Amino acid sequence: MKGSSNRVDFSLRPAKHAERRMMTEIFRRLRPFQPVEDYLYIGFGSLWFTDFALFHRTLGVKRSISMEREVSFKNRFDDNKPFAAVTMDYRDSSLVLPNADWSQPNFVWLDYDDPLKKSMLYDVQSIATRCASGTVLALTVQSFSAKEVDEAEADKTSGVSAMVRFRGALGANAVPPDASQEDLFGSAFGRLSQRILLDQIGSALSVRNGTLGPYDQMKFTLICDIEYRDGMLMKTFVGIFATARDQNRVEQCGFENLDFIPPATTSIKIDVPILTAREIRYLERQLPKGYNFINYGSIPREHADNFAKLYRYLPNFAVLEH
Amino acid sequence: MPTEEVEDTPINAEPTKGFFVDMITRDISLEQAVLDLVDNSVDGAKLHRGGGDRPLEGFEVAITISGVRFRIVDNCGGFSRETARDYAFRFGRPPGRAKLEYSLGRFGIGMKRALFKFGDHFTVESSTDAEGWGINIDVPVWQDDPGWTFPWAETSAEAAVSIENPGTDITVDRLKPEVSARFGTAQFVTAIENVIKAKHRQFISEGLAISVNGRHLVATSLSLLIADRLQPGVDTFKFEADGKDPVDVRIVVGVGDSVPIAAGWYVVCNGRVILEADRSKETGWGIAEEENDEILIPKFHNQFARFRGIVTFDSADAARVPWNTMKDDVDRESAVWQQTFVRMIEMMRPVVDFLNQLDANITEYTREGSVLLKYVANAGRINNEQIKQKHTFVAPKAQDIQAPGPRWVSIQYSRPLPDIDFLQHALRVGSAKAVGERTFDLALSKQRGE
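Protein sequence lines correspond, in order, to chains A and B.
Okay, so the first sequence: first residue is -12 according to the working numbering, each after it adds one.
Okay, so the second sequence: first residue is 1277 according to the working numbering, each after it adds one.
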């Protein structure tokens, strides 16, 4: 999280806002496992604690932990905590996660600013080896390009390629053998990062499950993955850990019925439409659409269609000057 | 009286099958077990090898791994009914067996160990160009039966191997839970691909086609840098002893790409890589001379990231090459190894010296100004397999290629982060390093009045 607290005002990001609202909808469905307000939320609140405030307000989450490495600004973080429900933990996630309370299901959102690195693999491993059935894990990584791409560029004389560095940095067994140089950029990098993280979860679970009986075998089910642009291209995936015994509870959660998940897939792309306030009102009056076509008027189709996909999740900005 | 009868019956010292199976499967990892099976296929291919650069061209090994089944199928010639009946399924290698020249499977236990390790049911079907046979074993049932035999089974009609396509097809299912859990993960499959690519590098480069879950493994090449003034060191020699097969040894030392994880010694026995990129005391790193306590070879540091050493041992008698029973380490008691080790240290020394000089040159002149680094970066590449002739290691000296010109010196200083960020934006550069360079260049031109 190098200095991002200093740079970006986290409140004015429409795509991120939409993503947070979707995350709330996912968490809201966890009732079959335990009352949502009894879940412990663990995340990176930064200075704005936007997600913490949102989950407390909308879901009534009573206990949450914000992990923060910048101990030097402790006072400022303490003063910005939105509710008593939020506890600060001034340690790196690698120390917080293995020592947190995993006896009940939690929801964790590892909202990293950086592209994939090894410490993230350790973080998901810490969670996968300990968490209770009903724990939801969301993870966000930057997918513009792997940092090894810049490293290779800066050190061209050595002739060591970005992919060789990437495999070295993450561990040779963590990176699929068919991954190639093009997979270190853009959407492909987002997909590769997701695959590597899911494989790591799979590995950690296989070790955990080795000593357990058939009903206690823990499985991780992907709920959805989200690609969005926030300055940089970002990739998020969300999934739920549940034992074989609890698979019926996962079904009861009915995640596949979430209206932002397109049919027959779990991949979501958030494209924030560029519309005027009048255009928004014009389109909203036709939504939700069934099988009717929208009257586009003079609005470009692409923006109108993107709006229709996400209208319930986008923020409403009111500019109070005319 | 009953006592007399009891006294006549000898004491039962027979091993139980359960104990035996447990013993042979205990100390081997899943990865090693898979490698043992691939070794058997390689041995088959070697028997029928062709000539030229790619003597194993045309031979294939296909491995399928999942949480429910393990399968390895090859077209490497198979083995006969007689071999199956009298040798292949014995635990240990019985005397009188004709030795397989240059083999990898000298200890005769690899296949059995893997079969029992993976699961409770296995089938083996094999066909030579003269005959085919099969077995189908339910392990728990076999364990309860007295006697140490396997019954023959019918080979299936759609068998992957036949007299027209001689080879071996091994399948294990009803996998043990801990095995099934690991076989079912993507990371394990990746680990298997990586370990086969590393350990069977030479056979793959000789044309053997290996695939894992349908994915063909591409040989990773082991290459060294070569140029007019930079040449790998090569030595070849033979160990001969009366009545024993000779051991051919080849040592290659040189400079490669700066990739720490690939640096170190590669030890190869009968084509099978035993140690790769070894940087431990095992292969000489950190050796101190006993008498003077003088360091002969330093411990490995990343400045030696370009070191490459390859030592290959080949012998018709697999017992003569210096590997251990698991083929994952050298046999340090082996006289062949001990004598070779001495020569390895001797050959290593000049390469380490050159890498020290390269590091000093970079420190003194910076990466951009170092002539040695530039020379190395522009050098060509030669594959390990192409290096054959004896040669002394040759490396350039800085003074021989130092172009006339001013010396470069590195400047290092610290400043508060907000100030660096400010200048980074103001000067439109991308890094703290670039801020330092740009401010220097601007101040210089200003002072010079340019």
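Honestly, the hints are just simulated from the structure, not real lab data.
From a predicted model like this one, the values you see are computed outputs, not experimental measurements.
Don't be surprised by glycine CBs; every beta carbon is placed ideally from N, CA and C.
Be aware that one or more of the hints could be misleading.
Rough simulated footprint, nothing fancy, chain A against chain B, three-plus residues with beta-carbon under 8 Å [to be verified]:
| hint | segment |
| --- | --- |
| 1 | 1450 to 1457 |
| 2 | 1466 to 1476 |
| 3 | 1528 to 1538 |
From the derived model, a few chain B residues whose C-beta atoms are all more than 12 Å from chain A [stated by the list, open to error]:
| hint | residue |
| --- | --- |
| 4 | G1410 |
| 5 | N1632 |
| 6 | E1644 |
| 7 | S1646 |
| 8 | A1653 |
Verification of the supplied hints:
1. 1450 to 1457: That given contact holds, which follows from 3 residues of the segment 1450 to 1457 of chain B lying within Cβ reach (below 8 Å) of chain A.
2. 1466 to 1476: Check passed, 4 qualifying residues.
3. 1528 to 1538: Holds, because 5 residues of the segment 1528 to 1538 of chain B bring their Cβ atoms closer than 8 Å to Cβ atoms of chain A.
4. G1410: holds, 32 Å
5. N1632: Given a closest Cβ separation of 18 Å, the condition holds.
6. E1644: violated, 8 Å
7. S1646: violated, 9 Å
8. A1653: violated, 5 Å
Checked against the numbered hints given earlier, the structure breaks hints 6, 7, 8 and satisfies all the rest.
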